Amino acid sequence: MDPKSQRKTGRDKAISMLNVAIDFLNLARVASSVTPATIAFGTAGSLLSLIRDSMANRGDYVALGLACADICRALERGLDGRRANQLNGSVIQAIEQLTMAMAQIQESVIELGKRNPVSRVVHATSDKNAVAGWKSELDRILQIFKTELALHTDVEVSDTRQDVANTHKLVSDIHCTVVKGQEGNQTTPARIHGEAAPPPPRACFGRGDLIEKIVGFVENLTPIALVGTGGIGKTSVALTVLHDDRVKSRFGENRRFIRCDQFQAAQANLLNRLSKVIGAGIENPEDLTPLRPFLSSKEMLIVLDNAESILDPEGADAQKIYAVVEELSQIGNISLCITTRITTIPLDCERLDVPTLSMDAARSAFYRIYGNDERPNVIDDILKQLDFHPLSVILLAAVARQHNWDSSRLGKEWDLRQTSVLNTEHKNSLAATIELSLASPMFRELGPNARDFLEVVAFFPQGVNENNLDWVFPTIPDRRNIIDRFCNLSLTSRSNGFITMLAPLRDHLSPQDPRKSSLLCTTRDCYSSKLRLLGDLDPDQPGFKESRWITSEDVNVEHLINTFISLDTDSDDIWVTCADFMRHLYWHKRRLTVLGPKIEGLLDGHSSKCQCSYRLSLLFKSLGNHVEAKQLLTHTLELERRQGNDDRVARTLRYLADTNRMLDLYEEGIRQSKEALEIYEQLGDRAGQGKCWIFLGRLLVDDDQLDAAEEAASHAMELFRDQHREFWICVSHQLLGEIYRKKGKREKAIQHYEAAISIASPFDWHNRLFWIHWSLAWLFYDEGEFGDAQSHTDQSKLHAVDDTHCLGRAMELQAWIWSRQGRLEEAKAEVLGALEIFEKLGATRVLEGCRDFLRSIELVVESSSSSGESDGSARSPSPKTAPYSRLAHLFKRIKEKSRFPITAHVSGQTSHS
Numbered sequence: 001m002d003p004k005s006q007r008k009t010g011r012d013k014a015i016s017m018l019n020v021a022i023d024f025l026n027l028a029r030v031a032s033s034v035t036p037a038t039i040a041f042g043t044a045g046s047l048l049s050l051i052r053d054s055m056a057n058r059g060d061y062v063a064l065g066l067a068c069a070d071i072c073r074a075l076e077r078g079l080d081g082r083r084a085n086q087l088n089g090s091v092i093q094a095i096e097q098l099t100m101a102m103a104q105i106q107e108s109v110i111e112l113g114k115r116n117p118v119s120r121v122v123h124a125t126s127d128k129n130a131v132a133g134w135k136s137e138l139d140r141i142l143q144i145f146k147t148e149l150a151l152h153t154d155v156e157v158s159d160t161r162q163d164v165a166n167t168h169k170l171v172s173d174i175h176c177t178v179v180k181g182q183e184g185n186q187t188t189p190a191r192i193h194g195e196a197a198p199p200p201p202r203a204c205f206g207r208g209d210l211i212e213k214i215v216g217f218v219e220n221l222t223p224i225a226l227v228g229t230g231g232i233g234k235t236s237v238a239l240t241v242l243h244d245d246r247v248k249s250r251f252g253e254n255r256r257f258i259r260c261d262q263f264q265a266a267q268a269n270l271l272n273r274l275s276k277v278i279g280a281g282i283e284n285p286e287d288l289t290p291l292r293p294f295l296s297s298k299e300m301l302i303v304l305d306n307a308e309s310i311l312d313p314e315g316a317d318a319q320k321i322y323a324v325v326e327e328l329s330q331i332g333n334i335s336l337c338i339t340t341r342i343t344t345i346p347l348d349c350e351r352l353d354v355p356t357l358s359m360d361a362a363r364s365a366f367y368r369i370y371g372n373d374e375r376p377n378v379i380d381d382i383l384k385q386l387d388f389h390p391l392s393v394i395l396l397a398a399v400a401r402q403h404n405w406d407s408s409r410l411g412k413e414w415d416l417r418q419t420s421v422l423n424t425e426h427k428n429s430l431a432a433t434i435e436l437s438l439a440s441p442m443f444r445e446l447g448p449n450a451r452d453f454l455e456v457v458a459f460f461p462q463g464v465n466e467n468n469l470d471w472v473f474p475t476i477p478d479r480r481n482i483i484d485r486f487c488n489l490s491l492t493s494r495s496n497g498f499i500t501m502l503a504p505l506r507d508h509l510s511p512q513d514p515r516k517s518s519l520l521c522t523t524r525d526c527y528s529s530k531l532r533l534l535g536d537l538d539p540d541q542p543g544f545k546e547s548r549w550i551t552s553e554d555v556n557v558e559h560l561i562n563t564f565i566s567l568d569t570d571s572d573d574i575w576v577t578c579a580d581f582m583r584h585l586y587w588h589k590r591r592l593t594v595l596g597p598k599i600e601g602l603l604d605g606h607s608s609k610c611q612c613s614y615r616l617s618l619l620f621k622s623l624g625n626h627v628e629a630k631q632l633l634t635h636t637l638e639l640e641r642r643q644g645n646d647d648r649v650a651r652t653l654r655y656l657a658d659t660n661r662m663l664d665l666y667e668e669g670i671r672q673s674k675e676a677l678e679i680y681e682q683l684g685d686r687a688g689q690g691k692c693w694i695f696l697g698r699l700l701v702d703d704d705q706l707d708a709a710e711e712a713a714s715h716a717m718e719l720f721r722d723q724h725r726e727f728w729i730c731v732s733h734q735l736l737g738e739i740y741r742k743k744g745k746r747e748k749a750i751q752h753y754e755a756a757i758s759i760a761s762p763f764d765w766h767n768r769l770f771w772i773h774w775s776l777a778w779l780f781y782d783e784g785e786f787g788d789a790q791s792h793t794d795q796s797k798l799h800a801v802d803d804t805h806c807l808g809r810a811m812e813l814q815a816w817i818w819s820r821q822g823r824l825e826e827a828k829a830e831v832l833g834a835l836e837i838f839e840k841l842g843a844t845r846v847l848e849g850c851r852d853f854l855r856s857i858e859l860v861v862e863s864s865s866s867s868g869e870s871d872g873s874a875r876s877p878s879p880k881t882a883p884y885s886r887l888a889h890l891f892k893r894i895k896e897k898s899r900f901p902i903t904a905h906v907s908g909q910t911s912h913s
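Numbering (full-length UniProt numbering), first residue to last: 1 to 913.
Treat the hints with care, as some may be off.
Calculated lysine to aspartate or glutamate pairs in the EDC-like style (CA-CA distance at most 20 Å, straight line) [as the list claims (entries may be wrong)]:
1) 213 <-> 348
2) 412 <-> 380
3) 797 <-> 754
4) 630 <-> 348
5) 743 <-> 707
6) 598 <-> 646
7) 742 <-> 710
8) 276 <-> 253
9) 745 <-> 704
10) 743 <-> 722
Beta-carbon label-pair distances, calculated as ranges [as the list claims (entries may be wrong)]:
11) 664 <-> 409: 45 to 51 Å
12) 631 <-> 211: 53 to 59 Å
13) 293 <-> 348: 33 to 39 Å
In case anyone wonders, no lab produced these hints; they're calculated from the structure.
Note that the structure is predicted; figures quoted are calculated from it, not measured.
Note that the Cβ used here is the ideal one computed from N, Cα and C, for glycine as well.
Kindly generate the complete structure, drawing on both the sequences and the hints.
Put into structure tokens, the structure is as follows:
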């Protein structure tokens, strides 16, 4: 028979075999009750059909096609009528890995099949190597499936020796007849020099700088270790480097790739695999001695992938394996690259931590799979919440594509289920990569409570403050060492003093029912005790400064309270903790909170309703949302009157009066202040009386009753000096400064402001210092002394720490200074920033004035542009122009809405609020 006829006969035989396999797969797909297996059968059938149809000109695919058939034979034997709930998660995951591998190969086969005949000839060798690599990958994943099935069921699907011999002979025969035109019994297998490395990933987004750095190390023969958590993309980076053109040029065929999770961790297994991969041909070497001549004979790149499976210090043969890897790192002509989840690496290795993706890279990775030219913000928001974790991004895209969700539907599913949107059969892939770390000897060595500890760390959005471990986890012995091990395993990382965890890991590891986690409940109680330690916070109390710990842990505490309130709305303890938390926020980190709606929805009869509503109203008031504050205070006052608690009635009246001041309701506020003062006098509470005089004095200042205001402030000063209440003495000085400023007594005003600063500075009362410097800045601004005004503005910005409302007010002030200096574009940018803050906070009082200010700046800029001053910053516009007159008019209106009234001097004209 001529060679051409022999090849045709071989192809016909192979096609006949593949037709039988495809028919079997179609039947198996219908019959299978295991969803992942159904998908696997369908994918394999599609791939086999593609290979069969391509076989007329792609003989190299024969072995690959038979590998697919072998996979399906193993699936059919292994499942044997089982349902999904009868299979271990690891088995399901192994099936999914098979499916994903076959799907990727199918995509690649389609691409190769599009080439014209000339291109096929040119790329024949590289294509053949690629196909061989695909087959090797399928064989590897199939072995994992067989191992998992043997571990978790009573079925073994490993081939008998005769099955293996028959399969090898069949592949050899068909390959000889199809590719070489020879009969199978006429061939002699060629000796294999090393194993082919897997192909590079089709895309590796956002890793350009990292890959460049690694290639540089590789070219310099510097050993490196790529360290990172599961699913971060270490293997993809390593394979990209392995197939980089510069690396190929430098090392040629001497580029070797070893998957360390393919064999049991033992020195003998590592040496055997190393000998085989580098093509040394030495059977069962006892150490590196017989391999050294081969290793030192040429420059070589060796990648040890998933090296945590052999470098785990608690694993079998750990010291011997480490010694082998360390010696490899020291051989001068070898470039060693390790990918690992653990930080146990040879000392000579350059450690490179593989980061998460950038936003752009995450987008590219997502849309490569998902498709769709539109790129809505909802997708960006989801990617952010996934912390741009590569595997999670890919799985999200795969799930969305699988279900044919558009971006709107995906956004709704995410809002409804958050990261559990990945909870399909693909979820097991993410779960498996996390559980692999938890199954490591190093983690198991930490004891049975380590997972509980890790789950609590995962629960907190910010992670755990490393400085607070002792009081947050008092029941965990050796807690710092355990945290170190978590970091060594790349389960956690250190960031700005916190032990943090990527969002996908947090989602998988967080307690399913927080109430059943005894350690989390203990941690909750520790936080509650810490919040309650100082009682009713007062800056004059010892320990007030220490209570600032909340500024770094507010998100954690808020999440803790919100979670337990959602699970048990009727609990008394958690609502008491909620009130304590709101008090800490008011004093140390004024911001909006997700607890607001829950507090407003709490029944009036609940024991904590008054306290929580009162604390929430003060928070709204401090953020400039006086309308909401008044509604809450009015309702709280009604509840307090019913309960007959005079002290709390007076307290609520006092703050309600100050809220009415901010709403220009002076008469109502003065009446409420006097009622509160009478109650405090009846109770004999001198501190309460002093505070009432302060609040009354503020109302009188704003109502232009300056002499009465001065008298009220003097009463307050006398009471607080008798009690040595430094904080309130400071407030009294500030109030007197405001009074004398309005009276035009500049020197006395500055004297009181400076006295207030001298009291507040040693205690770092940031909020108080902000308002003092803010007032001084306006004083100097009104006098046209812009240098001093700017100096105090800068100081106020420094003290706007953890208070977005204060930051907005400082930006507003800065805009006024720059507008007077003709820097209108810069002023506009500051106003826009302030507007954004005030809109988020609902600060209606200053919001309207800022909007008018912005419109006026825009009018002046337009006027300047029409006059030829297009940059808007050449000089201050003329006071005679209509836009500037409007600016002066609005200046008065806006400053009337400021926290403290100010006298405005614009272009020599004085207007009083």
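Which hint numbers does the structure go against, in order from smallest to largest? 4, 6, 10 and 13
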